[in-house]
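Going line by line, the protein sequences match chains A and B.
The opening position of the first sequence corresponds to residue 1 in the numbering used here, with each subsequent residue numbered one higher.
The opening position of the second sequence corresponds to residue 324 in the numbering used here, with each subsequent residue numbered one higher.
You can trust all of the hints, since none of them are fake.
Capping the alpha-carbon separation at 27 Å, the derived lysine-lysine pairs in BS3-like fashion look like this: (1) B:K515 x A:K62; (2) B:K515 x A:K107; (3) A:K107 x B:K335; (4) A:K171 x A:K129.
The following label-pair restraints were derived from C-beta to C-beta distances: (5) B:S357 x A:I15: 50 to 60 Å; (6) B:R332 x A:K196: 29 to 39 Å; (7) B:R332 x A:A188: 30 to 40 Å; (8) B:E338 x A:E141: 19 to 29 Å.
Under 10 Å between C-beta atoms, here's a sample of chain A residues computed to sit facing chain B: (9) N54; (10) L56; (11) K84; (12) R87; (13) W88; (14) S92; (15) M93; (16) F95; (17) N100; (18) A101; (19) E151.
Don't read these hints as lab results, they were simulated from the structure.
For clarity, every value in this text was computed on a predicted model and none was experimentally measured.
Built from N, CA and C at the ideal position, the CB exists for glycine as well.
Residues per chain are reported as follows:
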Amino acid sequence: MELLKINNLKTYFEISAGTVKAVDGVSFSLNYGESLGLVGESGCGKTTTALSINRLLPQEGKILGGEILLEGRDISKLKESEIKKLRWNEISMIFQGAMNALNPVMKIGDQIAEAIVLHKKVSYKEAIKRSKELFELVELEPERITNYPHEFSGGMKQRAMIAMALACDPKLIIGDEPTTALDVMVQAQILNLLDKLRKELNMGIIIITHDLSILGETCDKIAVMYAGKIAEFGTVEDIYNNNMHPYTNKLLSSFPNIHKEKIIPEPIEGVPPDLINPPSGCRFHPRCPYAQDICAKEEPMMTKVSEGHEYACHFGGVFNEKE
Amino acid sequence: MSSIKREMRKKKLQEFFNNFKQNKMGITGAAILSFFILASVFGPMIFPFDPMEFGVAGPMEPPSSSHILGTDDLGRDIFRNLLAGGRVSLMVGVLATVISMFLGTTIGIVSGYFGKKTDIILMRFTDFFLVIPWLPLVLVLAAILGTSIWNIIFVIGITSWAGTARVVRSQTLSIKERPFVERIRAIGADDKTIMIRHILPNVFPLVFANTILISAVAIISETTLSFLGLGDTTRPSWGMMLNYAFESGAASTGAYWYFLPPGICVVLVVLSFTFLGYAFDEILNPKLRRR
Chain A
1 MELLKINNLK TYFEISAGTV KAVDGVSFSL NYGESLGLVG ESGCGKTTTA LSINRLLPQE
61 GKILGGEILL EGRDISKLKE SEIKKLRWNE ISMIFQGAMN ALNPVMKIGD QIAEAIVLHK
121 KVSYKEAIKR SKELFELVEL EPERITNYPH EFSGGMKQRA MIAMALACDP KLIIGDEPTT
181 ALDVMVQAQI LNLLDKLRKE LNMGIIIITH DLSILGETCD KIAVMYAGKI AEFGTVEDIY
241 NNNMHPYTNK LLSSFPNIHK EKIIPEPIEG VPPDLINPPS GCRFHPRCPY AQDICAKEEP
301 MMTKVSEGHE YACHFGGVFN EKE
Chain B
324 MSSIKREMRK KKLQEFFNNF KQNKMGITGA AILSFFILAS VFGPMIFPFD PMEFGVAGPM
384 EPPSSSHILG TDDLGRDIFR NLLAGGRVSL MVGVLATVIS MFLGTTIGIV SGYFGKKTDI
444 ILMRFTDFFL VIPWLPLVLV LAAILGTSIW NIIFVIGITS WAGTARVVRS QTLSIKERPF
504 VERIRAIGAD DKTIMIRHIL PNVFPLVFAN TILISAVAII SETTLSFLGL GDTTRPSWGM
564 MLNYAFESGA ASTGAYWYFL PPGICVVLVV LSFTFLGYAF DEILNPKLRR R
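Bound-form chain A, shown alone:
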């Protein structure tokens, strides 16, 4: 059985200006020990998708359709009290900006122990013992659980956040930009650590980022999102070397590549669309250089290239023919 399967998820925000279709029909699946990267521009629905899974959406956000199957159980319609039990026990999160995600006036060990005591029926003493083990797991010195956050460096804080995410042996970890605000060296360390832990503990990991370069080494699968929909889904290999969607292609060429010839990275023209009134047909068509009449009229269906590699475009791979 798959660890996580999302079918046609729709999460809308009801705000005074109208309904924002932040996530509009997203489907993907994730297996035990697998890691999935969610990439896309700001505002394309990556974070909303993730927050829909453990239901930490802001009040205006509602899951209006689709299902989220965690080990075959639909958790999208669970009551608040039931989802509370799932949080941290089954699905935990690594937060964006570890610098600010720790309480500055509380010892780090206490903050981790607090998470454990809230979810497991253990004494505080046992929780502290477990915190020490977790610190070892994330390669921090166990004695330092009595430190305060300001006594840690940025990378160490992020490690502590990972330790906290692992506190209750979750099956799924969602990392919301786990490495932003860290320098590249520390970024690599943190990602390697996550990779190692995922394999050791057989957990599923979803990494949300807008930085494609960090996904190549740490993810098995990548979902490229655009305007609340999945544009292309596939293995790292599929996405990097065999992509079919013009958006994926454009997104990749807006990053420099050290292995290929030196070209100036190309930005994608235009701005992400307004999700209150999304463009008709294919949502990417106003910015797509290969768009034709049909793109504005008909929404493209997911087309399968091979097992596990799909894209949503009328003219998949059109950019390859030109060259």
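Use these hints to put chain B onto chain A, whose structure you have.
Coordinates of chain B only, in the frame set by chain A:
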């Protein structure tokens, strides 16, 4: 590792004391206050005073070798009365402050944390206590409840929390939006845990500085109430001394030894609390610290 850490903490504490030592206001305040605390704790043990024991000496005797501050209209020793009065005045100040801080902090955090209707209701309630003329309210409350020391403590406590609640609320509004609070909520902590374990420690420096300032107000309030005749007649506070001095016409007959000592004591204690309050505010709030 841990020794380095301990070293760092020690250094931090040292830094605080160094800052404090350099703060003339703080040192002055601390010195005056410690003097009064020592005097009112140990003084009555050495020089016991019974407010019901009249005629120890003749009435209205000026300072002499046997009664260094003279005697009052009922022939009681004023020096002993002063020491016993300090005990009562400081106790009222401390206890009323505890009530006031408890109310102010709780209402401030709850109001700021929950927001919306809770905030509106609690803040209008707070505004009521802020705008209503303080003295008439206290007078009416004290008159209704009767003149016992506990009632005075209660009355002062429930009329002085509004400013604290406002300050704590605004700080809570800022802290609850910080990412760590969101993280704690994501972990599954309930509101009570978040407020007590995470928000309270973060607003504490503010509460602390405020507490000291409120203590000064509480002591002044006790004196005012007693002076106006709403004090506890069975307990010899500084305010009661001033009240008796006024009633016996000490000011017009020139019995300065009757009304000056309690007056000066009240002023000094209140001043020391205020100095301390400003000093802590300056040290704990780096923006105010002079480089």
